[in-house]
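Student: The primary structure of each chain is shown beneath.
There are 2 protein chains.
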Amino acid sequence: MRRIVATGTFDLLHPGHLYYLQESKKLGDELYVIVARDRNVKHKPRPIIPEDQRLQMVAALKPVDHALLGDTTDMFRPIEAIRPDVITLGFNQNFDPAVLTEALRARSLSAEVVRIGGYGDRVLCSSRRIVQRVIETRGPSFRAAQNTDSEGL
Amino acid sequence: MRRIVATGTFDLLHPGHLYYLQESKKLGDELYVIVARDRNVKHKPRPIIPEDQRLQMVAALKPVDHALLGDTTDMFRPIEAIRPDVITLGFNQNFDPAVLTEALRARSLSAEVVRIGGYGDRVLCSSRRIVQRVIETRGPSFRAAQNTDSEGL
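Protein sequence lines correspond, in order, to chains S and B. First residue of the first sequence? That's 1 in our numbering, and the numbers climb one at a time after it. First residue of the second sequence? That's 1 in our numbering, and the numbers climb one at a time after it.
Since the hints were derived computationally from the structure, they do not count as laboratory data. Note that the structure is a prediction, hence the values are computed from the model and not measured. Every residue gets a Cβ at the ideal spot worked out from N, C-alpha and C, and that includes glycine. It is possible that some hints are incorrect.
[Unchecked claim] Just the calculated beta-carbon pair ranges, DEER-fashion:
#1 S:N40 - B:F76: 40 to 50 Å
#2 B:V114 - S:A106: 47 to 57 Å
#3 S:R129 - B:E30: 32 to 42 Å
#4 B:A106 - S:L69: 45 to 55 Å
#5 B:N94 - S:D96: 51 to 61 Å
#6 B:V41 - S:A59: 25 to 35 Å
#7 S:V41 - B:P50: 20 to 30 Å
#8 S:S110 - B:D29: 53 to 63 Å
#9 S:K62 - B:A106: 34 to 44 Å
#10 S:A98 - B:N94: 53 to 63 Å
#11 B:T72 - S:R107: 48 to 58 Å
#12 S:A81 - B:R83: 43 to 53 Å
#13 B:T72 - S:R83: 42 to 52 Å
Produce the entire structure from the sequences given, and follow the hints as far as they go.
Tutor: This is the structure we're talking about:
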């Protein structure tokens, strides 16, 4: 059994996430997904969806065999428990594969690191763009319009 | 093979959607999900996520065997093609099961109509609440704060 680990925040699920997980799964037999803890998301705004709910939704996706929350202090701890053959990186994850590989070797982990390509420039395949669209289409100007609408829908 | 049909908009997927689909699937062997067309969503604001993307994400969920877009003019057309044994209604879908059953009979469709209960009052198990949270946490006041932040994160 060839075990694969994919990681990410998976806020506001979209087809870019799905593509990353599907491509990751193709590299082996069993796909483990480590979902980032709320408190560990520091390089971008805190997730909209709380960690337990992000975990639940990732676990419900067809390519995913096991989903778990990350460790709050040591990102390598779950990887030591899983001992994957491959760790995949999404196209917008900032890790340098060479640096990550070296850090894995220092922990006696032999996983190969594979970068998964991008899913292309589709309109809403980005949590950030979904957030933008929510604000543009339902933000204060939308609500002001709703409030002046005399028809109760 | 007992065929089940579930229907809905499935905008900004959350565990309430998942619960509805899981409970629907338990009633038979094969779950078909009819995803509402953008133009047919009239009783609430237009979906954030376009119909093709909503379809793709619903199709990726484990309980779902087949997902398809609704008909733009005749909601019964896909049901005539599938000929389900059961049609499930989500807890917040406005159809009256008795009225729907009568309309099905008028089209010679014998499906039983079953209402699936609510998933409870969990915080973000509602597309509307996810939209609210996006606006509260990332709307104009958040962006103003980001713009005055001298640290480029």
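Student: Hints first: check each against the structure and report whether it holds.
Tutor: Right, here's what the structure says about each hint:
no., hint, verdict
1, S:N40 - B:F76: 40 to 50 Å, "49 Å, holds"
2, B:V114 - S:A106: 47 to 57 Å, "56 Å, holds"
3, S:R129 - B:E30: 32 to 42 Å, "34 Å, holds"
4, B:A106 - S:L69: 45 to 55 Å, "50 Å, holds"
5, B:N94 - S:D96: 51 to 61 Å, "52 Å, holds"
6, B:V41 - S:A59: 25 to 35 Å, "28 Å, holds"
7, S:V41 - B:P50: 20 to 30 Å, "27 Å, holds"
8, S:S110 - B:D29: 53 to 63 Å, "43 Å, violated"
9, S:K62 - B:A106: 34 to 44 Å, "37 Å, holds"
10, S:A98 - B:N94: 53 to 63 Å, "56 Å, holds"
11, B:T72 - S:R107: 48 to 58 Å, "55 Å, holds"
12, S:A81 - B:R83: 43 to 53 Å, "47 Å, holds"
13, B:T72 - S:R83: 42 to 52 Å, "51 Å, holds"
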